[in-house]
Amino acid sequence: MAFIPHTDDDVRAMLAVIGVDDVDALFDEIPASLRAGALTRIPPAASEMEIGRLMSARAAADSCELNFIGAGAYEHHIPAAVWAITTRGEIYSAYTPYQAEASQGTLQTIYEFQTMIASLTGMAVSNASMYDGASALAEASLMAVRAHRRSKSARILMPRAVNPTYRKCARVIAGGQNLSFEEVPFDAAAGQTPVAALARFDGQDVTALVIQQPNFFGVLEDVDALTDWGHRNGALVIAVVNPTSLAILKPPGEWGEKGVDIVVGDAQPFGVPLSSGGPYVGFMTTRMEHVRQMPGRIVGRTVDLDGRPGYTLTLQAREQHIRRSKATSNICTNQGLLMTAATIYLAIMGPQGLERTASASMARTAELVAALGRLKGVELALGGARFHEALIRLDRPVGPVLEELARRRIAGGFDASADYPELGNVLLVCATETKTSEDIAAYAAALGESLRVSRAA
Amino acid sequence: MAFIPHTDDDVRAMLAVIGVDDVDALFDEIPASLRAGALTRIPPAASEMEIGRLMSARAAADSCELNFIGAGAYEHHIPAAVWAITTRGEIYSAYTPYQAEASQGTLQTIYEFQTMIASLTGMAVSNASMYDGASALAEASLMAVRAHRRSKSARILMPRAVNPTYRKCARVIAGGQNLSFEEVPFDAAAGQTPVAALARFDGQDVTALVIQQPNFFGVLEDVDALTDWGHRNGALVIAVVNPTSLAILKPPGEWGEKGVDIVVGDAQPFGVPLSSGGPYVGFMTTRMEHVRQMPGRIVGRTVDLDGRPGYTLTLQAREQHIRRSKATSNICTNQGLLMTAATIYLAIMGPQGLERTASASMARTAELVAALGRLKGVELALGGARFHEALIRLDRPVGPVLEELARRRIAGGFDASADYPELGNVLLVCATETKTSEDIAAYAAALGESLRVSRAA
Amino acid sequence: MNSPASALAPAEATIFDQSRHGRHAAAQLPPALGAEVPAALRRRTPPLLPEVSELQAVRHFTRLSQMNFSIDTQFYPLGSCTMKYNPRGCNQYAMLPEFLARHPLGPESQGQGFLACMYELQEMLKEVSGMQGMALSPMAGAQGEFAGVAMIRAYHRGRGDLARDEIIVPEAAHGTNPATAAMCGMKVVEIPVDAQGDCDLAALARVVGPATAGIMLTNPSTLGVFERTIASIAGLVHDAGGLLYYDGANLNAILGKVRPGDMGFDVIHMNLHKTFSTPHGGGGPGAGAVGVGVRLLPFLPIPVVGRDGERFRWLDERDLPQSIGRLSAFMGNAGVLLRAYIYMRMIGRDGMQRIGEFATLNANYLLARFRQAGFDPAYPQRRATHEFILTMKREAREQGATAMDFAKRLLDFGYHAPTTYFPLLVPECLLIEPTETETKEALDGFVEAMVAIAREAAEDPARLKGAPYTLPVRRLDDVRAAKHLDLTWTPAP
Amino acid sequence: MNSPASALAPAEATIFDQSRHGRHAAAQLPPALGAEVPAALRRRTPPLLPEVSELQAVRHFTRLSQMNFSIDTQFYPLGSCTMKYNPRGCNQYAMLPEFLARHPLGPESQGQGFLACMYELQEMLKEVSGMQGMALSPMAGAQGEFAGVAMIRAYHRGRGDLARDEIIVPEAAHGTNPATAAMCGMKVVEIPVDAQGDCDLAALARVVGPATAGIMLTNPSTLGVFERTIASIAGLVHDAGGLLYYDGANLNAILGKVRPGDMGFDVIHMNLHKTFSTPHGGGGPGAGAVGVGVRLLPFLPIPVVGRDGERFRWLDERDLPQSIGRLSAFMGNAGVLLRAYIYMRMIGRDGMQRIGEFATLNANYLLARFRQAGFDPAYPQRRATHEFILTMKREAREQGATAMDFAKRLLDFGYHAPTTYFPLLVPECLLIEPTETETKEALDGFVEAMVAIAREAAEDPARLKGAPYTLPVRRLDDVRAAKHLDLTWTPAP
Ligand SMILES: Cc1ncc(COP(=O)(O)O)c(C=O)c1O
Ligand SMILES: Cc1ncc(COP(=O)(O)O)c(C=O)c1O
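Chains as they are written, first to last, in the working numbering: chain A, 1 to 457; chain B, 1 to 457; chain C, 1 to 493; chain D, 1 to 493.
Next up, chain A with everything else stripped away, as it sits in the complex (with noise of 0.2 Å):
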């Protein structure tokens, strides 16, 4: 019996306790009519040796080589230490802290992730952390109507160049309480949001205005104009960042001339895996005076019996377990253990780590975006400055080359024409700092190869 410790001895023992024969004794408020067959399309059970020659078997059938696919999940090193510790038992095992006196590790670990999440975000306070980036742009929409008092429409202006399955999931979670969601087109050549685009909402009721920075297309907005705009038009602005961009980009709390009013994203470049999309963990920040409107869990320091410092829950009035259908949000168990591995890559990076990874991810985008342009087929499709993804366009239809690509153990990039018929063939590549000018060659080399071939057949 797999993970049960009970000898025959026990089992006798404890029945005799309870005053019963046997066990189905205990499960006679069930209805019999209820009562479960086997359970046929369940396999017996395997042992972990027999189970681990299985899973290795398939990770080994999934294996990769280079991986130049950005679009909302980036590889970057993660030093050995993150994953040492957070998988030890006691953070990997525990509970959500609710017994602060038994969880001062989690609670302290948190503590220290709000204060680094809000200092990159320029901004006073952070949550505990949301499931992921996209929920988190979900979340801070429904925030933002009840924050902003003033405002009826429960009306979102979202741009076009933002990650197209943020916006949809956003759509999906915020739909329930009828916010609605209005498109902003970006500039086709430029591929930034122009203020101008905003101008047939001017003087108009709107709740709050989403800005990514930077967009889906790796280009630099002009925050600073599109948040000023925003605050000018009684909207609060809500930010969408990569957070690694933020040891190099000015932060939220700076755009413009009050800043943003709350910031989103996904902290998963912060020493969590790619994993097949998760788990990753969406982070929050936002003014001191949204504080209560704001879901998630947070860690507040106080001090116990003698005086001495702790870490507790706090503003818990906010949350499901206390204010339940009038809470902030539903969200119960949330990122926990990615928000632990993101806060030690952060100590360990340190401001210079980081910088240095933002520089460094962005000067190999660069790189490769002239390789690649260098290629016949091949064109940058947008201007404009980056951070570490662009979008180039390609002669052909960009899935038969990546499928050839991917014969070639190389994940070329994301397949944006769907998302953007608009702009055509284009695929979108990021290289981060574990990209080497040879990986970049390399790229250059096979997606040459590749579209002979595609151009071939």
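If you are wondering where the hints come from, they were derived from the structure by calculation, not from laboratory data.
Fair warning: there could be bad hints in the mix.
Derived PhoX-like pairs (lysine-lysine); straight-line CA-CA distance at most 20 Å [stated by the list, open to error]:
(1) 326/B - 187/D
(2) 187/C - 326/A
(3) 465/C - 393/C
Predicted, not measured: the structure shown is a model, and the values here were computed from it.
Fit chains B, C and D with the ligands to the supplied structure of chain A, relying on the hints for placement.
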């Protein structure tokens, strides 16, 4: 400066306290003529990211699909929990437990290890580990000379069926003190060491007789008769055992009428990965009367100032740091981490898990022998009962056949023909519980092909 | 280990207090490559990140971790949370380098190994839940609930049944249930439970009607008892045109014994981080797979793994045009799902059934022992399921010893506290869930500790009130925490 | 976390006390395949192995681990042990699955990755030591010493110089030095050190002669000072026909600053588990690579990695017929060697030099602080190297506060104790080695703790004598341990 935390301010402040101008001044007692130049043959520093890629590439180059080599190092399933715990910082980065109060974790683990190994071998006392099985045999030989006061010959009888590298190693290490090792032949048909082969030593001054069970060929020796011969002839008996086999084989403490005097072996099969040969973990057990002759660390249970039970290193007067040139051995650092892994392994496997491991390994080897025996050009080289290794004979030199198998990503066994030229083209193969019937069939098919290829060549 | 010289120093200084300008972990620095950020967009002041050595970071977080209770170190009888052993094998094999390195948008041809696991996981979860369709993407129980209620809403809307905007929840429901309903734009209608812990059928009959979108139930309920009238409830709600939502947080109790689909539920979420033993990580990640009956099949959230012959692929809006859509940027908490998959494979068919049995055996044994020791069950006439409630009402009244006092003092004995003050309707309650992975000896030790505390409550009540004493901090001032918000570190002035 | 109810219970019961007959970790059981053991060879009674669940084992060893001090949790200024940060990257990449799975006798064609690392490690170690040949197989420092002395012996014998059977060691030498010499069948001749900690040259001159096989030296010596007359020593010994052995345990002090080969040494062992930062693991594994000058090249222990063009292979007795032979069953502690290789590559050329510099800076700073605080250095006129000795002679005489008392009380302050009572010739000594990986703040904290203890020694000596107070046990009765040997667990009668 990798792993050096000093800031420029720190250095300045520290130099000021010391009262020197620069760090170089701290080396002013070293004659200038001796000062080293730049270490030009050391490559410049690489980051963890760079070295990680290099190591991953090198590891990938060494991958192998199926391993059928034993010959002193055995592939067994290792529960994931073993190394998840063993690599915890508090275990991994602790020193030898000289400060007992700050090392109760390590000390209690050793006490538990001692208990398990003593019981497995059927002896009264165990030490905290030796480097490996081979050096443990050398130490056992030296110990036998110390323990056997009446014997003056320092003469050790060493069956030729004992692992050849163990024999070589014992000669090198114990040779320093002028022990002589004399070879005892084996029966070339049965692969066993017959008692008759000892007849020529009857009545002579023999310090100790070594018995390996199972012997190098995997064959089970008549340990009772051999042990009794030793004791009848006034010799101590040293057993060399595969510890996994002790789950089903009679422990050395029960061999013959009185049981053996010293037991050694390598606990690598207990949760220690093959890893190119080390670190493994030698063990040694003995009778209580010889405990003061035993080399290596020993932990005892005692009480603290309040009477609470606790653990501490004991009988340290045997050791080099106290007794110096009169110590039982020069051993100091031993194999603590692997001892910990072995202890956790045994705790998880328990008597039933170990029994199943031993039986399944034995059964799989029998299955392997049967499968290979059906191939043209292959025959079983030796008769007799076996544990989980078997010597098979090929109709051609073993080396090229192994190379063919390697090309099929199979490690096919150990070529024993150089060590035992009298046996012809012999290959020592091993299958443990990690091998399935499909694996065995795959090996048989590959060996068949390899033989065909090499026949054709 | 605190310095005896500074009794009121923090148990561990913050990482910021340990920071020194100019220090860094050099082995982790990427190459210094220049990058040209337009001046107006450039960051001007560095972020407040600590500047420490790698050793300092390792030591700091290792020490912090030692300040936690966890399954790997303590018995954790936390009701409604199913804190059972998280097998290390699940972690090791879910973290194989190739799985970790795989980009979520990577080519499907380089994801067949992973997708095969996900497909089989869907199938196994369908089997244990008795459902017809399964989606893995919800990232925790609450998101599974959201998906479920959103599907219920989509179902009614799809039929043009636009007036159904009420979700019924029992008053003992977990907070996420009403919060989820509200988040989906639904009105929450609470119904009481009766003295035996069953849902008040009469009250239910009064509230169901044309506005009923559905009901959210946990069964066994959060009161630790099986909802015996489940068939009648299902009949009432279905007859009124509503659907039944199953909050699967308590599935451990009935795993392999009763299937929610067979009880009449139309939609279910399962907390894989409970029943299927993926670790809690100090507050996540979770995974809240949602299963549905035929009626809700078209509405499942995307993506879902489909199979074309031997190939697996993600199904998206093109395959499931009526889907409620996406709940996350990619496909949910893949790594958690892998752990659950491995766990289910190791448990296997028979093991599933045994989990429910032994979780129930442990809970009933513990309840019987507590009863013998003079403690008061909240529902003395009922069987425990995988958990049960003690009420400390009497102790609180007679000795001033509250559930919270017991909880805090237990920590000194090396036991995590049970869930306290939930469900809200039982006064001074302790919700106790031992799980199937604990030994009889652990349960016995826990009872003895409770008995010792009860004795202390009588003999030395002040001592009890001051607990805990052996942890890095004593009882914390929560009121102060909320009043003087200190949510981020600032340098000492 | 001890139960307050049972003050004298062991901090953690043994795993045997937790065992119950019939319990097992089912997920770890191999298939039950019958195996036929001849009756006479069959085991009759099962071994005393615990029968516990996987969770019990995980919890037990996790809790035990928390009872240890370690580098990852504490400052560990243990002289002669170089307890510096063990980079986690070394562990992660040395434990890649393919490295772990490789059989030592596997085909060389499937070991080129591993062999390349070993070859490069040999080259790098030659460079830092200034030696001409290198063998990696010794499994710890003491085995490296053994290999060294055995080579010296083989060298003299090879020349027919059979009378040389004496090894000279300074009285302050580490115990392994004389023990090794004895193990190699040599006579040990001890020589004194002078008041400044230097080797007594006159005494050396008196003992060297035709019986001298060699001298074993640590430089910096175990007194924490550099042997200034090393050139004269080398001259004396070489002129007498002896060879010089370098015990490299203290190499961290001079890494990149002086090379033993350049000081005139003929053979050296290096403790990779010290200078090259492989973890100590609570008592090993180590790796004691031996390097030699030209004279000893033919005698290196086998195997050694050789290179044929682009291919690496093991050299054995066929390649090195004069080798002293094998010291282990395979090739030594491969995994430790991989960690050292990774560490050296991460440190790199310049980093090597910095290690010696900053280890020395930290030691001299700490010495200066202690001096200012009124403690007594054993060699007040000398520079510290990477370590130094304080003597508590005065404190012991005046207040009865011994080095051991300081050591035990330090544990309560969260600092591991320095090495005590070694070297034996300095009374009441504390041998302190901070290493280069500790911060100035850690050093300052340590000085403050020592000052606080000194104050306590004056004000409350009884308290000091009773330390430690905050660990799982208080001071242990070593005498009883040796007298009433309790070396294995037995069931309570
Ligand atoms: C009964 C019940 N329902 C729902 C939830 C919510 O699950 P999650 O925390 O994963 O969002 C929980 C757990 O906290 C629960 O106990
Ligand atoms: C000076 C000195 N020499 C030799 C040794 C022996 O090294 P090992 O413990 O690795 O055998 C040590 C370490 O303990 C030492 O400090």
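Quiz prompt | Hint numbers not upheld by this structure, sorted from lowest to highest | solution = none
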